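Model the full assembly from the supplied sequences, consistent with the hints where possible.
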Amino acid sequence: MPTYHYRCKNCQYDFTEHQSFDDEPITVCPRCGEAQVRKVFSAVPIEFKGHGFYRTDSGSHGSSSNK
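So my numbering is basically just the index in the sequence shown, starting at one, shifted up by 1278.
Calculated directly from the structure, the hints in this document are not laboratory data. Keep in mind the model is a prediction, meaning the values are calculated, not measured. Think of the CB as a built atom: it goes at the ideal place given N, C-alpha and C, for glycine as much as any other residue. One or more hints might be untrue.
[Unchecked claim] Pairwise CB distance ranges, derived in the manner of DEER restraints:
1) Asp1292 x Ile1324: 20 to 28 Å
2) Cys1289 x Pro1323: 23 to 31 Å
3) Lys1327 x Ser1298: 24 to 32 Å
4) Val1318 x Ser1298: 16 to 24 Å
Below, the structure written as structure tokens:
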């Protein structure tokens, strides 16, 4: 199950919740009870492993379209 990060705009309470894709998003803060909760979105880290990633995948050498 995915983990979602939420923050209340009223009391600034941060929390995470494991939810199914079918579950409705949480809108009511568990701490203050106000309907001010929003999902917090952040960048997903991408890690390229190995050497020569762009040497072998760029397509600039030996490409037939460069004629």
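Hint by hint, here is what the structure shows:
Between Asp1292 and Ile1324 the C-beta distance comes to about 24 Å, which sits within the given range of 20 to 28 Å. A C-beta distance of roughly 29 Å is found between Cys1289 and Pro1323, which places it inside the suggested range of 23 to 31 Å. Hint check: Lys1327 to Ser1298, Cβ distance near 31 Å, so the stated range 24 to 32 Å holds. A beta carbon spacing of about 19 Å between Val1318 and Ser1298 agrees with the range 16 to 24 Å that was offered as a hint.
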